[in-house]
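Engineer: Please model the entire structure based on the sequences and the hints provided.
Quick note: the sequence shown, position 154, residue 154 per this note's numbering, numbers continuous.
Just so you know, the hints here were simulated from the structure itself, not pulled from any lab data. Just so you know, even glycine gets a beta-carbon here, dropped at the ideal spot from N, CA and C. One or more of the hints may lead you astray.
Said to hold, decoys possible - Straight-line distance between alpha carbons at most 30 Å, and here's what the computed BS3-like set of lysine-lysine pairs gives:
1) Lys270 - Lys72
2) Lys286 - Lys270
3) Lys211 - Lys148
4) Lys148 - Lys227
5) Lys296 - Lys227
6) Lys227 - Lys159
7) Lys232 - Lys270
8) Lys232 - Lys278
9) Lys108 - Lys30
10) Lys217 - Lys159
11) Lys159 - Lys270
12) Lys217 - Lys232
As the list claims (entries may be wrong) - Computed Cβ-Cβ distance ranges for the label pairs, DEER-style:
13) Lys72 - Gly136: 43 to 53 Å
14) Thr96 - Gly319: 17 to 27 Å
15) Asp16 - Ser300: 50 to 60 Å
16) Lys108 - Glu46: 52 to 62 Å
17) Val83 - Gln264: 37 to 47 Å
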Amino acid sequence: MCVIMFMGEIMITDNDILTILNMLTSAGYKAYAVGGYVRNSLMGIESTDCDITTSAAPNEIIEVFSNHKVIKTGIKHGTVTVVYNNIPYEITTFRTESEYTDFRHPNKVEFVNDVYLDLSRRDFTVNAIAYNPTQGVVDPFNGIDDIKNNILRTVGDPKERFNEDALRILRALRFASVLGFTIHNNTAVAINEMATTVANISAERIYTELKKLILGKHAVNVITQFKTAINKIIPIENIPENFDLLPLDISMRFAALCGSSVLQALNRLKADNNTIEKCALLLSSKPIPNDIIAIKQYISALGRENAAYVANYRRIIFGEDK
Numbered sequence: 001m002c003v004i005m006f007m008g009e010i011m012i013t014d015n016d017i018l019t020i021l022n023m024l025t026s027a028g029y030k031a032y033a034v035g036g037y038v039r040n041s042l043m044g045i046e047s048t049d050c051d052i053t054t055s056a057a058p059n060e061i062i063e064v065f066s067n068h069k070v071i072k073t074g075i076k077h078g079t080v081t082v083v084y085n086n087i088p089y090e091i092t093t094f095r096t097e098s099e100y101t102d103f104r105h106p107n108k109v110e111f112v113n114d115v116y117l118d119l120s121r122r123d124f125t126v127n128a129i130a131y132n133p134t135q136g137v138v139d140p141f142n143g144i145d146d147i148k149n150n151i152l153r154t155v156g157d158p159k160e161r162f163n164e165d166a167l168r169i170l171r172a173l174r175f176a177s178v179l180g181f182t183i184h185n186n187t188a189v190a191i192n193e194m195a196t197t198v199a200n201i202s203a204e205r206i207y208t209e210l211k212k213l214i215l216g217k218h219a220v221n222v223i224t225q226f227k228t229a230i231n232k233i234i235p236i237e238n239i240p241e242n243f244d245l246l247p248l249d250i251s252m253r254f255a256a257l258c259g260s261s262v263l264q265a266l267n268r269l270k271a272d273n274n275t276i277e278k279c280a281l282l283l284s285s286k287p288i289p290n291d292i293i294a295i296k297q298y299i300s301a302l303g304r305e306n307a308a309y310v311a312n313y314r315r316i317i318f319g320e321d322k
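Structural biologist: Structural data, given as structure tokens:
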């Protein structure tokens with residue numbers, strides 16, 4: 001196990017998290033903040049929640065927090081949610097996973113006493129980092145170096161990781177889009193080869209990840225690089241030249257990417273009605289008129305708010321009314 005002592009790169013200042021870690025360690029268990037919280041802290045990004053991993057078994061976690069509200073979120077897989085000062089914290093026992101048959105959930109979970117084994121089951125090196133104030137950072141897969149170099153790669157063989165959970169393919173694209181990571185070549189090859197397996201994931205999960213992906217600061221780069229793979233998930237007609245100039249509006253961005261296929265795609269993804277209705281409005285919209293009378297008729301037909309929404313989209317995508 002590679003243990004990097006705290007060198008000023010990360011610091012937990014949230015007293016509630018520190019208290020939870022301390023309660024577990026004082027009871028004789030190992031406990032760490034893990035995953036996205038640690039990754040974001042290293043990147044200087046504020047996190048809104050924190051996952052905790054521990055050597056305590058689920059029944060032992062419940063005992064440690066017997067004076068607090070505990071929700072048996074996924075106790076079969078070792079996860080309980082502790083509500084501390086009205087904030088929920090997921091606490092999960094160190095575990096290994098095996099025998100994936102549905103591209104999403106393990107058939108077998110085994111609780112272990114070694115944080116290294118727990119980190120080895122995780123998706124990407126940048127998420128396979130654990131931290132507590134006493135021991136410092138546990139980084140067995142050099143995730144810190146990958147963060148410094150803006151590299152996203154899987155823990156171990158990418159095909160194996162994606163075969164375990166196909167949602168990781170979309171998570172990789174989303175992290176690249178939102179955080180600006182460059183996807184390592186081996187991981188990128190596996191994404192392109194295995195993109196069709198995403199179809200095994202629930203529509204709601206796919207939609208959630210796609211929204212974050214196309215709203216990301218680096219969406220154009222990711223969609224351009226992985227257009228063939230993404231096309232196996234949603235139909236992309238083209239990537240408009242001014243896509244980056246669109247506001248962070250999910251309907252505008254879906255409409256710009258999917259064009260005439262957008263409604264079919266969103267219905268298949270079980271998207272929310274508001275997004276679908278706005279996309280339908282954009283899809284059926286007509287060019288912005290040039291004369292005053294026609295503009296008044298345009299506004300009257302659509303309503304002032306919808307007319308402004310459509311006009312903003314068409315100015316950016318089609319260069320109208322410049």
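Engineer: Taking only the CA atoms, is the gap from Lys227 to Lys159 under or equal to 30 Å?
Structural biologist: Answer holds: Lys227 to Lys159 is near 19 Å, not above 30 Å.
Engineer: Starting from the hint 37 to 47 Å, judge whether the C-beta atoms of Val83 and Gln264 obey it.
Structural biologist: At 42 Å between Cβs, range holds.
Engineer: Do the alpha carbons of Lys286 and Lys270 lie within 30 Å of each other, as the hint requires?
Structural biologist: Measuring from Cα to Cα gives roughly 27 Å; hence the hint holds.
Engineer: Holds or violated: the 43 to 53 Å window for the beta-carbon distance between Lys72 and Gly136?
Structural biologist: violated, 31 Å
Engineer: Taking 30 Å as the top limit, are the C-alpha atoms of Lys217 and Lys159 close enough?
Structural biologist: Given pair Lys217, Lys159 holds - Cα atoms ~27 Å apart, limit 30 Å.
Engineer: Taken at face value, is the distance from the CA of Lys270 to the CA of Lys159 at most 30 Å?
Structural biologist: holds, 28 Å
Engineer: Is it true that Lys108 and Glu46 lie within 52 to 62 Å of each other by Cβ?
Structural biologist: violated, 36 Å
Engineer: Do the alpha carbons of Lys148 and Lys227 lie within 30 Å of each other, as the hint requires?
Structural biologist: holds, 27 Å
Engineer: Holds or violated: Lys270 with Lys72, Cα cutoff 30 Å?
Structural biologist: holds, 28 Å
Engineer: Taking 50 to 60 Å as the hint, is the beta-carbon distance of Asp16 and Ser300 inside that range?
Structural biologist: Holds - the Cβ-Cβ distance for Asp16 and Ser300, about 54 Å, lies within 50 to 60 Å.
Engineer: Run the distance test for Lys108 versus Lys30: straight-line Cα separation, threshold 30 Å.
Structural biologist: holds, 23 Å
Engineer: Is it true that the CA of Lys232 sits at most 30 Å from the CA of Lys278?
Structural biologist: holds, 24 Å
The earlier numbered hints that this structure contradicts are 5, 13, 14, 16.
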